[in-house]
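Asker: Listed below are the residues making up each chain.
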Amino acid sequence: MKLVYFAWVRERIGREIETVALPQEVETVTDLLTWLKGRGDGYAAALEYPEVIRVAVDHEHVEHEAKLPADGEVALFPPMTGG
Amino acid sequence: MKLVYFAWVRERIGREIETVALPQEVETVTDLLTWLKGRGDGYAAALEYPEVIRVAVDHEHVEHEAKLPADGEVALFPPMTGG
Amino acid sequence: MAERCQPLVRVEAEDFDIAAEIDRLTAGRKDVGAVVTFTGRCRDESGRLAALELEHYPGMAEAEIGRIADEAVERWPLTGLTVIHRFGKLRPGENIVLVVAASTHRKAALEAADFLMDYLKSRAPFWKKEHPAGGEEGRWVEAKTEDEKALGRWGKV
Amino acid sequence: MAERCQPLVRVEAEDFDIAAEIDRLTAGRKDVGAVVTFTGRCRDESGRLAALELEHYPGMAEAEIGRIADEAVERWPLTGLTVIHRFGKLRPGENIVLVVAASTHRKAALEAADFLMDYLKSRAPFWKKEHPAGGEEGRWVEAKTEDEKALGRWGKV
Chain A
1 MKLVYFAWVR ERIGREIETV ALPQEVETVT DLLTWLKGRG DGYAAALEYP
51 EVIRVAVDHE HVEHEAKLPA DGEVALFPPM TGG
Chain B
1 MKLVYFAWVR ERIGREIETV ALPQEVETVT DLLTWLKGRG DGYAAALEYP
51 EVIRVAVDHE HVEHEAKLPA DGEVALFPPM TGG
Chain C
1 MAERCQPLVR VEAEDFDIAA EIDRLTAGRK DVGAVVTFTG RCRDESGRLA
51 ALELEHYPGM AEAEIGRIAD EAVERWPLTG LTVIHRFGKL RPGENIVLVV
101 AASTHRKAAL EAADFLMDYL KSRAPFWKKE HPAGGEEGRW VEAKTEDEKA
151 LGRWGKV
Chain D
1 MAERCQPLVR VEAEDFDIAA EIDRLTAGRK DVGAVVTFTG RCRDESGRLA
51 ALELEHYPGM AEAEIGRIAD EAVERWPLTG LTVIHRFGKL RPGENIVLVV
101 AASTHRKAAL EAADFLMDYL KSRAPFWKKE HPAGGEEGRW VEAKTEDEKA
151 LGRWGKV
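Residue numbers (the working numbering), protein chains in the order written: chain A, 1 to 83; chain B, 1 to 83; chain C, 1 to 157; chain D, 1 to 157.
Hints listed in this document are in silico derivations from the structure and should not be mistaken for laboratory results.
Be careful, since some hints might not be right.
Unchecked claim - Derived BS3-like pairs: lysine-lysine, alpha-carbon spacing no greater than 30 Å straight-line:
hint : chain 1 : residue 1 : chain 2 : residue 2
1    : D       : Lys129    : C       : Lys144
2    : B       : Lys67     : C       : Lys144
3    : A       : Lys37     : D       : Lys129
4    : C       : Lys30     : D       : Lys129
The following block holds chain A by itself, in its conformation from the complex (with noise of 0.2 Å):
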């Protein structure tokens, strides 16, 4: 699956883009921010209120509920303020 990052998720992570194999447990929105948490200092802090996280896959806005594509772009950003 492929990862990306934006504004101050992206500052926390430490990164724009990457790629990880999602363990199989690892099916929704939730599931995917949960598990990220766990992956160090940087996640931790990108994640620390994982409600305030928007996702999009593919290009689209999801809920948190939604399933995961089992492939695919998943991009994970703050509210946005353009405009």
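Guided by the hints, dock chains B, C and D onto chain A, whose structure is given.
Answerer: Structure of chains B, C and D alone, referenced to chain A:
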């Protein structure tokens, strides 16, 4: 009293501007419309439905119940269609 | 609350330059977060309109638009407001009216432009006459009751 | 009901030309009665902002703005719609975002521009970082709950 007319009120009356001496009993805008209506066919055609006529005194909209000033410019015109 | 801006009102036959009017309200300024322009244009979907003739009441047109603009700068925290209304014969595709509202915040600029257009339609002393292609006699455009009703949204002015 | 127009969406670093964008939606056309432009600008009343840095998600930014624009042309009878969002470092007084909505009728153009801005604020994948004058570390702008609430006005999208 100076009277000015616009749009189809002007066209039906057949003039843009005139100065009239009002009889003493003409006190309000409604009185003026009634009095003008009796001045000839053009006036009668222009003021057939006096309730639709808009009136301004010295460049400010006024209601038909308003008292006329002793002197000044009174404008009669149809509902506006600017913008 | 910031000082109220002084609206610019023009009633003229010539066309306006939208970019220049935006520039007038924004050049060199760092306090303008949002600029809204509304342009009303002469429209003819039927192909039967030769021109729209806009008659106005000189003096009152400027005064009445000025009153409406002053009301807008009292209601919304605008950093700038410009209203230009043309008169004379305009062909389909030509500009009729321009409102430019600038503010620190976007809602103020949008609402002020909306308010201005509602009031210009029903309160500014302008009258439109449609001149059909073919040279027949022109026809005065009738006021729409929906325009009058739209004013209800803004309360007492 | 007229055919739906195809919105134009651009995400780019360069500044935009508002007059040229209006022209694109109106030149040679007699069916456009109203054009609304909304310009969002980089603002700094305090004098302490050196630049605003706009990060975006390439690919998704265009796709998401495209979805919002498509929704707008379904909801309102627009004759044209353009949305341009800049990214990169912008200084106070510079343009950030432009919406141009054209329609036969004024309410459609105004409402569509208002809708677009509400959705761009809270749904388009852009993030603002403020770089203070003096060279200290930049600070990410926090999303406003009022922006999120503003979406409630438009029902389900």
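Asker: Against each hint, give a clear statement of whether it holds in the structure.
Answerer: Do the hints match the structure? See the list:
Restraint check for D:Lys129 and C:Lys144: the C-alpha separation of about 48 Å exceeds 30 Å, so the hint is violated. About 28 Å separates the Cα atoms of B:Lys67 and C:Lys144, which keeps this hinted pair within 30 Å; it holds. Simply put, A:Lys37 and D:Lys129 have alpha-carbon atoms about 24 Å apart, close enough for the 30 Å limit, and the pair holds. A threshold of 30 Å between alpha carbons decides the hint, and for C:Lys30 with D:Lys129 the separation of about 17 Å falls inside it, so the pair holds.
Checked against the numbered hints above, the structure violates only hint 1.
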